[in-house]
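A.B. asks: If you want the building blocks of each chain, they are given just below.
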Amino acid sequence: MNILKVPGKNTKHKVLIYALSTCVWCKMTKQYLRDNQIEYEYVDVDLASEGDKQKIRETITAKGGTLSYPTTIIDDKTVVTGFRKDLLKKELEL
Amino acid sequence: MTITIDQVRKRAEADAKTYGLYLIPDPDLLQAFLEGLKTNEERYGYPSCPCRLASGVFELDRDIFCPCDYRDPDVAEYGSCYCRLYVNKDIYEGKKELPLVPERRPMNKQGRAYDAATMPKPQPTTAPATGKEEKEEFIQIGKKLWYCKQCGYVVFREDPPYVCPICKAKREFFAEIRTKAEFTG
Chain A
12 MNILKVPGKN TKHKVLIYAL STCVWCKMTK QYLRDNQIEY EYVDVDLASE GDKQKIRETI
72 TAKGGTLSYP TTIIDDKTVV TGFRKDLLKK ELEL
Chain B
2 MTITIDQVRK RAEADAKTYG LYLIPDPDLL QAFLEGLKTN EERYGYPSCP CRLASGVFEL
62 DRDIFCPCDY RDPDVAEYGS CYCRLYVNKD IYEGKKELPL VPERRPMNKQ GRAYDAATMP
122 KPQPTTAPAT GKEEKEEFIQ IGKKLWYCKQ CGYVVFREDP PYVCPICKAK REFFAEIRTK
182 AEFTG
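Here the protein sequences come in this chain order: A and B. Going by my numbering, the first residue of the first sequence is number 12, and it counts up by one from there. Going by my numbering, the first residue of the second sequence is number 2, and it counts up by one from there.
In case anyone wonders, no lab produced these hints; they're calculated from the structure. Owing to the predicted nature of the structure, the values given are computational and were not obtained by experimental measurement. Any given hint could be a false lead.
Across the chosen pairs, the derived CB separations fall in these ranges [stated by the list, open to error]:
#1 A:K66 x B:K169: 24 to 32 Å
#2 A:E61 x B:M108: 44 to 52 Å
#3 A:R45 x B:G112: 52 to 60 Å
#4 B:L146 x A:L105: 27 to 35 Å
#5 A:V17 x B:K169: 18 to 26 Å
#6 A:I14 x B:K171: 28 to 36 Å
#7 A:V17 x B:A15: 23 to 31 Å
#8 B:E177 x A:E61: 42 to 50 Å
#9 A:K66 x B:P100: 25 to 33 Å
#10 A:V17 x B:D29: 36 to 44 Å
#11 A:D87 x B:F157: 42 to 50 Å
#12 B:E177 x A:K101: 42 to 50 Å
#13 B:A15 x A:K74: 38 to 46 Å
Every residue gets a Cβ at the ideal spot worked out from N, C-alpha and C, and that includes glycine.
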């Protein structure tokens with residue numbers, strides 16, 4: 012799976028975003044993390060292989076997420092669906 | 002297929018005007034939406050919703066062609082569509098904030114974007130192949146004829162619309178037209 016890493020000074024939490032390359036709120040989420048210098052990884056699901064899409068669906072639903080984008084997974088357990096500045100701020104302790 | 006941002010913008014503006022809606026007032030967000038729609042139209046051949054994962058198969062994505070099937074009920078309930086590209090007057094004028102809109106698209110339809118590659122593609126049983134058919138023609142999703150009991154509008158699709166595009170009657174006003182074909186001779 013093509014997981015891309017965006018370096019940042021703040022590495023306190025492990026952050027993985029499942030995004031769509033065409034999605035405005037996915038872009039906003041990435042921008043918000045960059046603005047706060049949070050290190051994160053992301054996958055643009057629409058550009059993933061068919062096999063990877065299946066795995067992504069299983070991963071998101073197994074963690075209790077819905078198939079809406081962006082889905083941000085923090086420390087492999089907390090799922091934030093959509094661009095939710097309030098929740099990201101709380102979970103990332105900003 | 003190439004399409005310009007200006008064409009995408011004009012189409013969205015015209016559609017908003019027709020239905021008494023507005024486009025998201027923030028110019029940067031609006032531009033990003035239009036670019037997402039342009040990318041999808043060039044990628045798939047139709048303007049699939051930029052906020053949802055598309056299957057790339059025309060018939061399976063029909064309900065999420067922008068403006069999607071869910072826009073009007075979402076605007077009625079929340080003030081904007083799922084993406085928040087289309088908003089009502091209060092949001093456009095800044096009297097209300099952009100809402101959080103939950104996904105209304107049924108799970109079985111969402112799943113198609115992940116399953117399209119493995120869905121069975123039965124061979125056509127009608128006319129012999131001409132070589133022009135595309136793969137989506139062979140994916141069967143059970144379309145039916147529906148009519149609006151209020152105005153008579155007829156549509157051939159998987160589910161009845163949430164709102165009649167002609168008279169604005171709700172989905173409950175739609176009924177299936179059951180047809181019976183007989184062949185003799």
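A.B. asks: Does each hint fit the structure? Answer for all of them.
C.D. replies: Tested hints:
1. Between K66 of chain A and K169 of chain B the beta carbons are some 43 Å apart, a value that contradicts the proposed interval 24 to 32 Å.
2. The hinted range of 44 to 52 Å is not satisfied by E61 of chain A and M108 of chain B, whose Cβ atoms lie roughly 19 Å apart.
3. Checking the proposed 52 to 60 Å range against R45 of chain A and G112 of chain B shows it is violated: the Cβ atoms sit about 32 Å from each other.
4. In this structure the supplied range 27 to 35 Å is violated for L146 of chain B paired with L105 of chain A, their Cβ-Cβ distance being about 54 Å.
5. Range check, V17 of chain A to K169 of chain B: Cβ separation about 46 Å, and the 18 to 26 Å hint is violated.
6. Hint check: I14 of chain A to K171 of chain B, Cβ distance near 44 Å, so the stated range 28 to 36 Å is violated.
7. Our hint of 23 to 31 Å for V17 of chain A and A15 of chain B is violated, since their Cβ atoms are close to 38 Å apart.
8. In this structure the supplied range 42 to 50 Å is violated for E177 of chain B paired with E61 of chain A, their Cβ-Cβ distance being about 34 Å.
9. Hint check: K66 of chain A to P100 of chain B, Cβ distance near 32 Å, so the stated range 25 to 33 Å holds.
10. Against the hinted window of 36 to 44 Å, the Cβ-Cβ separation of V17 of chain A and D29 of chain B comes to about 20 Å, which falls outside the hint.
11. Here the CB-CB span from D87 of chain A to F157 of chain B is close to 46 Å, well matched to the stated 42 to 50 Å.
12. About 48 Å separates the C-beta atoms of E177 of chain B and K101 of chain A, a value consistent with the hinted range of 42 to 50 Å.
13. Restraint check, A15 of chain B to K74 of chain A: a C-beta distance of roughly 41 Å satisfies the suggested window 38 to 46 Å.
The structure shown violates the earlier hints numbered 1, 2, 3, 4, 5, 6, 7, 8, 10.
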